[in-house]
Amino acid sequence: MDKVIFGDNQFFGVNHMSLSKAVGESERFAKNEAIYRVLSDVNEIGIKTFMFTTHDRLIPIFDQMRKDTTFRDFKLVPCIPYAHKYADAVTELGIVGGVGKYLSGNIFLTGIKGAISLVSNEYIEMMKVLVDSELNFIKGLNLEAVFLQNVMTDLLLGLGMYEILSEYYTYIKKKYDVPVGVITMNFVKTTEVFTNVLHIDDIIICSPVNKIGFRMNPSQKEVENVLKLHKTPTIAMSVFASGAVPYREGIEYVSSLKCIDSILFGASTKEHIADTYNLIKSNLFNS
Amino acid sequence: MVNVGLLGLGKMGISHLAILNSLSNVKVVAVAESNHVVTRAVVKYSGIKAYTDYKKMLSEEPLDGIVICLPNDLHYQACLDAIDRNVSFFVEKPFTLSPSQSGEVVRRAQARGIHGMVGYVNRYTKIFEIVKNIIDNGLLGYIYDYRCSMLGSVVHGNSKENWRSSTKMGGGCLFDYGSHCIDLAIYFFGRIVDVLTSELKSVFSKNCEDMVRAVVKHEGGLTGSIYVNWCDENQRKAYNEVEILGTKGRLVANKQDIKLFLTDPPTNRDFYKGWNSRHVTDYIENVPFYLRGEEFTKELVDFVASIDPSSKGESRMRSSIEDAYLTDVAIDMIRNRANKINK
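Just so you know, the sequences run in chain order A and B. If you're matching positions, the first sequence starts at 1 in the numbering used here and goes up one per residue. If you're matching positions, the second sequence starts at 1001 in the numbering used here and goes up one per residue.
Hints are computed from structural coordinates only; laboratory data are not their basis. We put the CB at the ideal spot given by N, CA and C, even for glycine. Each hint should be verified, as a subset may be incorrect.
As the list claims (entries may be wrong) - Ranges of calculated distance between the beta carbons of each label pair, as one might list FRET restraints: (1) K1049/B <-> K221/A: 35 to 43 Å; (2) E1161/B <-> N136/A: 30 to 38 Å; (3) K175/A <-> E1285/B: 35 to 43 Å; (4) E252/A <-> E1161/B: 52 to 60 Å; (5) D68/A <-> S1166/B: 48 to 56 Å; (6) D275/A <-> R1147/B: 34 to 42 Å.
Stated by the list, open to error - Below, simulated DSBU-like cross-link-like pairs (lysine-lysine); rule was C-alpha separation at most 35 Å, straight line: (7) K258/A <-> K67/A; (8) K1259/B <-> K211/A; (9) K1160/B <-> K139/A; (10) K1044/B <-> K139/A; (11) K1255/B <-> K3/A; (12) K221/A <-> K1160/B.
Throw the hints in and build the complete structure from the sequences for me.
Pasting the structure below:
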C-alpha cells in the first residue's frame, strides 16, 4: 500500500466533530464535477491511492475515470459494504427483506446463487455474493485492496463471528488477488483476533490513531502498546480527529510512534491536500 | 461474571448482542428470536445458545438480567415475565405502549426489588451529559424556554407499510422519535405535567403520524417545545438538537457539538463572555468495545454493573423504568391533547 492514502468522508458530509462543517462540505460536493476535480488534484499532487465507501454517488465519478488516461496509475481501495444502505433497508424491510433487497437488486450478478443462499442459510455464500456485487462498482479500474467497513468488522468481531472474517479474507485473496484490510474502532481486539485466533498476519488494519486518543479503544495507551508491536500492517485514520488536532501536531504524533505504515486523510481543497501531503512526506516517511 | 440473555435479534438486538458479547464481565448465556435465518447464524458462528421462545429461555437459563429488543408491543409482557422470574431487565425504548402498562411494570418491579432500565441512549451521549451539567450548575441562569427536536429519515414517499406504520404495534413517529426527545427534555428539566398544544401530522403514512409538534409544561413551570419528524431525507442519521434559553445565556447542542452564549460566565470554568463552542473531540472517552457510538456501550456497561451479583445492588442506571414511565405519561398526554384539538 502507498504511504499516503486519500479518503472520501468530505465528499459525503461526514464530519465527526461538527455538523455545520459536515453540511458545508456536503454543499461543496453537491455536484459530481466537484468530486472529480478534487480527485484530479489528488492525482496530480502525487497521491495515487483513493479509499472510499461504495456509495452510489461515486458511480458516475468512476465512469468518468475509466475514460480519463491521467488516472491510468490511480489505485482504488473500496470499503465494503456501504452500511447505511443496508441499515436503511433493514429498517424498512427487516433483516431478511433488507438483505434480500440487495441480493435481488443485483440479480444480474447474483441470480439464483444469492436466492438459494438466503433460503438455505448459507451465510458464507451470501457474503461472497454481497462482496461481488459491491466490487462490481469499479470493474475495469485498478483494484489495490479491499477493506471491510468498521461497522461490519466491529459487528462481526463483537458477535464472535471470526469465521466469517476469515472467510472474507480468504475469498478476497483468492478471487481478487489483492491485499485485504479491515477498518475498526477496536484496534486492540481486532489485532488480537486476526493474529492470535485466525493466524492472519498480513491483514491491513485501519484504525483511528491521533494525539488526543479519539476513538482509540479501549484506551490510547493500549492502542499505542499494540501498535508498537507491529503485528500487522497498519493505516492510521482520524489523525486530525476531524479537525480537533492541528496538522503539524497530528503528523508529529503519528511519526513519534514509528510503527505506522500509511496515513489515510481527506481534505477539500487542492492547497490543503498538497500541504498535508508534503507535511506527511517530510515528517513521517522521510527516513 | 454476569449472565445475560437477549430477547429479539432485530437491528438493536444484534447491536446490543455484539457489545454485550465483548464485555469481559458478561457471559451471554442465550438469545431468543423467532427468525430462523438470524438465529442459526448466531448459533453457528457465535456459539451462543438460541431459543425460539423466550419464556422457555427464562425458565431454563440461570440469568442475572435480560436485554429486551422485541417489537415494541411485546415490551410490556416481556418485562412482566422477567419480573415473574426475578430477573432484572434492560428494555429498548419506548418502554411500553401506555402509562398504565408502564406503571404496572414499575410497581411490580419495585415490589420484587428488581432493576429495570430503558434504552434512552441520549442520556449516555457525552455532549448531552455536558448540557445537563451546564443546566444543573446554573450557567444559563433562570431557564425560561427550550426547543428539543429530532429529525431523521425513516419514512419516505415510497416506504412500505410495516410495524412502524401501526400505532397499535408501537409504530408512529411519536413512539419512535418522540420518546427520545421527551426523555431528553425530562432528563434536563424534570417531569412533564401538562401539554399545552399538540399536533400529530401525517406526511406519507396512512395510519400513523410522521411529525409531532407539542408545547409541554414541566413541574417547575418551565414550558418548551418538542418537535420530531422522521421524513427528513437530508438526515443520514437521526439528528437530535436542543436549544435552551435562560436569563444568562443561550445554548444550542446536538450529539456532536455545543454552542453556548453566556452573558455572565462563571470564573471557575473555561467559558468566556459571548459565544463558546465545544465539540465531542473536546471530551474524549474511550470504551471497552465500540459499535456505532460510545453511548451504546456506556448504557450497557451501566446496566451490567447494576445487576452484577458481586456488586452491592447499587443501581448506576441513568434511565431507569421510573424515568421512562414519566416519558410514557407525557407521550399519552401529547396524543390525547392532539386528538382533542382535532375534534
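Going through the earlier hints one by one, which of them does the structure break, listed in rising order? Violated hints (numbers, rising): 7, 12; every other hint is consistent with the structure.
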